[in-house]
Amino acid sequence: MTRRIDCDVAIVGGGLVGSSAALALRSMGFSVVLLDKGFCGAQASGVNYGGVRRQGRPPEQLPLSQRSHAIWPRLQQLIGIDGEFLRSGHLKLARSAADMASLEHYAADVAPFELDLELVGHNQLRERFGIAGDIVGGSFCPGDGHANPRLVATAFAAAAGRAGAEVLERTKVTGASRTFEGFALEAGDVAIKARAVINSAGAWADSFAAAFGEPVPLERTYPSMIVTEPLDPFLSVNIGIEGGGIYARQVTRGNVVVGGERAAPLADSDFSRPRSDGVLTIMQRASELFGPLRHAQAIRFWSGTEATMPDRNPVIGPSATTPGLIHAFGFSGAGFQIAPGVGEVLAELVRDGRTSTPIDAFSITRFSPASQPGDASQAAMTTGSKETSP
Amino acid sequence: MAERASPLIVGAGPAGIRAAITLAAAGLRPSVIDEAHACGGQIYRQPLALDGRDDRARYGSDAAKASRLHRDFAALGTGVDYRPRSLLWNLGDGVADVLRDGVSQRLSYDGLILATGATDRVLPIPGWTLPGVFTLGGAQVALKAQGCAIGRRVVFAGSGPLLYLVAWQYVKAGVDVAAVLDSAPLSAKFNLLRALPLAPGIVLRGLRMAAELALRGTRVQLGVSGLRIEGEGRVARIVYRSASCEHAIACDGVGYGLNLRSETQAADLAGCAFRFDPRDRAHLPVRDVSGRSNVAGVYLAGDGAGIAGADAAEAAGERAALALLEDRGLPHDPPRADVLERALATIDRLRDALEAAFPFPSHWAAGLADDALLCRCEDISAGEARRAIGDFALTEMNRLKAVTRIGMGRCQGRMCGAAAAELLAAQTRREVGAVGRLRAQAPIKPIPLAAGLSVDERQHDPAH
Ligand SMILES: Cc1cc2nc3c(=O)[nH]c(=O)nc-3n(C[C@H](O)[C@H](O)[C@H](O)COP(=O)(O)OP(=O)(O)OC[C@H]3O[C@@H](n4cnc5c(N)ncnc54)[C@H](O)[C@@H]3O)c2cc1C
Ligand SMILES: Cc1cc2nc3c(=O)[nH]c(=O)nc-3n(C[C@H](O)[C@H](O)[C@H](O)COP(=O)(O)OP(=O)(O)OC[C@H]3O[C@@H](n4cnc5c(N)ncnc54)[C@H](O)[C@@H]3O)c2cc1C
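In order, the protein sequence lines correspond to chains P and A.
Numbers 1 to 390, taken from this note's numbering, label the letters of the first sequence in order.
Numbers 1001 to 1464, taken from this note's numbering, label the letters of the second sequence in order.
In isolation and in its complexed conformation, chain A is listed as follows:
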């Protein structure tokens, strides 16, 4: 019998690492590719260079989990074929195209676990492209990976648990955090009571962070709207409305974000079916409780398949690996699978409550100023998008992209796609799930043309 190729795991965050550990324990030697220089993913990201801080300083109360994950992965040694600084840019039938050090390589695999994680979701606001404005995640990365702050006096604005977490981490790092501006009203926060019995530790920790922020002099303002960032050439102040009054806060850095969005391009290229998920307000690859997608041999785990956080990512990564083992006819520990599924179900209920407590301000899209930049790669304003939607009677995302170029630039819609969908839905008075989703195309991220050197298989196309 010919030896089967190794499974491939994309992403070395909590989901990918747990998957790798599980597969390795069963005697397989998976390949793990990750764009980052070291394992850990978003939440347990490691510094680019040693900066004298320990895990406790870097990851706060998550330090123990971070250290354990890094250590467990390192302990696999040659038991995994780990490829850091490697970008997956395309997927074909059992073959992955991976860019490393400017060179493209093909990697055959049998079994694919996609653990690609999430990035910040934003709706544009006037001034959001001024230097000094970062996404919440970006602000956190600056702190975790580079040990630097985004400003001396900063404001965090938007929605989501990360809003408070990052603000608190900045305060802990000694930065002057002038304000936390939360789009959700106080009434939304009562949903935290629903979350309390499901995850008392997490909820109490969040409340403690908010309280500590207020104690240290950070203004915590709920129910804000009309956000706009002003300044000549860089951030000078942030303006917002609350209780129909306009306020301005002077600052030199802004962290802004509205929760997260899953990185689903790889799943799309792998042929996975998608469905609209109302909680995440996004089209997500279809998966069952075990992480199996609709494509045989393709498994989905972690925030890349739906936002659920780091603990869920670890559980889902392990669960997906068990599914892969089972499908490969290897020992796969069904009782453990049950435990993981139950844990994931609890987190799922927790997510319902958290999403209600930190809702996405979907009503902002209708009020988005015409001069706000919607697609920064292609330099397209909300007003231009609205005009095209009217002129061409557009109702579908890929048509909006074709006519306006939104989502056609370097980011391929990863930054602007969610916002464009909200705008299109608001403008055409549809549900955001009804305007479709941008079809993914390779490359997942830009690759240099020089990566094409040394190819042997060629065909000529005499047309043109």
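One chain only, chain P, in its complex shape:
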């Protein structure tokens, strides 16, 4: 039998974006249904590298990133666990003089945002951080850090549930359409009426956007991750490299997580697995950079499905075709740090139709300059086999 739910806001996708929006909306008193086709926090938000960094983001992301930055240390009060968040600092390394110059440029560019970046020379790298290898210098952002992704989004969704949101897992939204009063959503044997809908469906968000007349050039990417057995502590900071390559952090238990390269999708392209040559490359680079890794064992490889936009900026903001629909996806490999702030912004958009944080750069209209607001009541979508019902 079909179960009917009436709510203020339906959120499609319980990653960190959708879950944190659900919690923020509940604290404003909205009734919320949070839907996930699998489990909340089991996709990108739950399997990512765990980097919580502002350094390296383009300036247009920094106001939002700063907003998030203020939330991370408050996780304990907000969701009941600290998510193993460590304000370890993020150290970005330069392998050449040119890379160092671009770190210097970046530091100058983002000076107004008060990231407190500190440029560090070769000798200091060795003395303060124990970094060996052919590294020219680096840029240190003391306020950045890392956290355990497996816990954070799951705990946001659980906290939203405790706060009164209806959390429906293993419930895939297969149809959504604009109706006179709002939206009608179909998800298995659940039919939902909502006044507003948030599209936070991660790497699956493009089909929803397209169904409402807003196609986007979303590409799925699959970063590869490896983790070592627990080792004695040797790496106190979250490491990145200018120009890419690898990134690495050591968790309190001693395991070192190293990311880089691209994995390959499986037959079911919702899932992916690292390629052997990719992980071997990561392993090689990691053991060149960190002496203690040379004799360590790698115990697990994994990957996740990320939504990447061509300009590497997310899509955040109201739909241009459909009033009441708000998009938040396409975080392009860097949505973990920023998502808790995005959740608050989405809640403000629902409540006020606007937000105090600048998000113009992330408008969906940037991909379709010609798009005009259409007849919203006509917009409808089906991503599954089911027909939409009004």
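No wet-lab data here; the hints were simulated from the structure.
Mixed in with the good hints there might be a few duds.
As the list claims (entries may be wrong) - Rough simulated footprint, nothing fancy, chain P against chain A, three-plus residues with beta-carbon under 8 Å: (1) 1096-1107; (2) 1277-1283; (3) 1393-1403; (4) 1439-1445.
To be verified - To give a feel for the contact side, a few chain A residues facing chain P, derived at Cβ under 7 Å: (5) A1075; (6) N1090; (7) P1448; (8) L1449; (9) A1450.
Glycine is no exception: its CB is placed at the ideal position from the N, C-alpha and C atoms.
Keeping the supplied structure of chain P fixed, place chain A with the ligands upon it in accordance with the hints.
Chain A with the ligands in isolation, oriented as in the chain P frame:
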């Protein structure tokens, strides 16, 4: 026409060896990779160094089969590309990643027979990580491969035919075996009567072993529960309940196990579909009677695809090889295939009876003490797992892993996964088949980071 690559066989136990012999006889030159230093697999494992014992002393009544298998495999000579001490750590499209002597190599193949065997299944009990406690298989390996015992006065506990077999082998080797503590009640053993007509030799041999154990002064106790191992820094005694009384037996070694579990990671990485098998209480790769998986060119044989024992492994290895030959358009001997399938069907019925006679004590999971260590790699107790299951309303294995780290350590759930599934099922009042299975990830076993040296194909990821 371009020459096709050779088939690859993973595992040189009875299943893998029979498969290799069959393929070689048809003119193919398969690659055979195995982690062990010599062929034989678990049951016919060879010693690390010559220790003066002959096959009769090492393998008992299985000596003839062991010798024949070792000899037949050796006789293949250069007819196979045999790679011992080689770990398969990943599988891609027609390419295997193999670690040997610390170096990773890629091996192309056309046709894949997975004969990866089984390892012990355990449910944690208090004290199971104390030094001096071994799995039943581990206790047997110590005897077979190293010629040493796990203690001077030992107790074997758990369930399964291996329980009696290993105890008996220890007694034969002159070790003081204080007791065999069997979780199954006497009523379960009546199922052996069902097994008798199917395999009189095996059943009678088992009964004779039990009788000999009792004769030599080993206490054989059925229907035990509440097992716990105690000692300061190492095993000093094992405590158990029987007929609602608690008993303790002093000992310095314990062999413990609850039957076996299939090694299915390679099948998972090869893309095989899985189904829950109620008899093995495990998710197993799907295969038909010939050993074909749902993935074209991937075949499954032996205990790695479902527990059936050494004789079944030999038959299934040969049968899978015939299927591979047929699919490759080579002569493949259909009458022989029929004979093998019939033999396997009989063993399958035997397995039903044996499993009923040596059942897995699934009721132990609910009573598992909160302070018992569930995941020893990540140091997670049963109590911590139960708390997480409650706090996050967990119902699925991969979520349990994500939230608690169970199955995320060195063993990747090979040791703790079955136990965690039992606990999750008991805690959420579900069938164990309904809580899902841990998705396998490479590497199948840990590999050194230095194995990554010398790679040419690279891409840069500018993110992060
Ligand atoms: C391997 C990897 C490493 C990364 N490392 C970092 C890092 O170090 N730092 C960082 O800041 N970012 C990192 N990222 C990026 C970050 O993880 C993502 O940007 C962020 O988690 C995106 O959150 P999300 O909620 O949009 O997406 P997701 O977490 O993917 O959530 C989307 C959810 O929508 C659900 N869904 C989809 N379709 C439907 C439907 N039809 N009905 C119901 N539900 C649906 C999905 O099941 C999913 O749970 C990484 C990403 C990956 C994959
Ligand atoms: C410790 C132990 C002792 C046993 N003792 C007995 C006994 O005494 N009597 C009895 O009837 N049954 C015994 N069994 C049951 C046993 O599983 C079967 O009898 C029989 O050995 C199964 O044969 P197989 O060829 O399927 O697998 P196995 O004999 O287990 O052979 C599998 C081989 O594959 C190799 N392998 C697996 N994965 C990889 C990988 N990723 N890379 C490289 N190599 C790999 C292993 O090293 C192993 O050599 C025992 C099982 C165990 C675990």
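Now the hints, each set against the structure:
1. 1096-1107: holds (count 3)
2. 1277-1283: violated (count 0)
3. 1393-1403: holds (count 6)
4. 1439-1445: holds (count 3)
5. A1075: Since chain P brings no Cβ nearer than about 34 Å to A:A1075, farther than 7 Å, the hint is violated.
6. N1090: holds (5 Å)
7. P1448: holds (6 Å)
8. L1449: holds (4 Å)
9. A1450: holds (6 Å)
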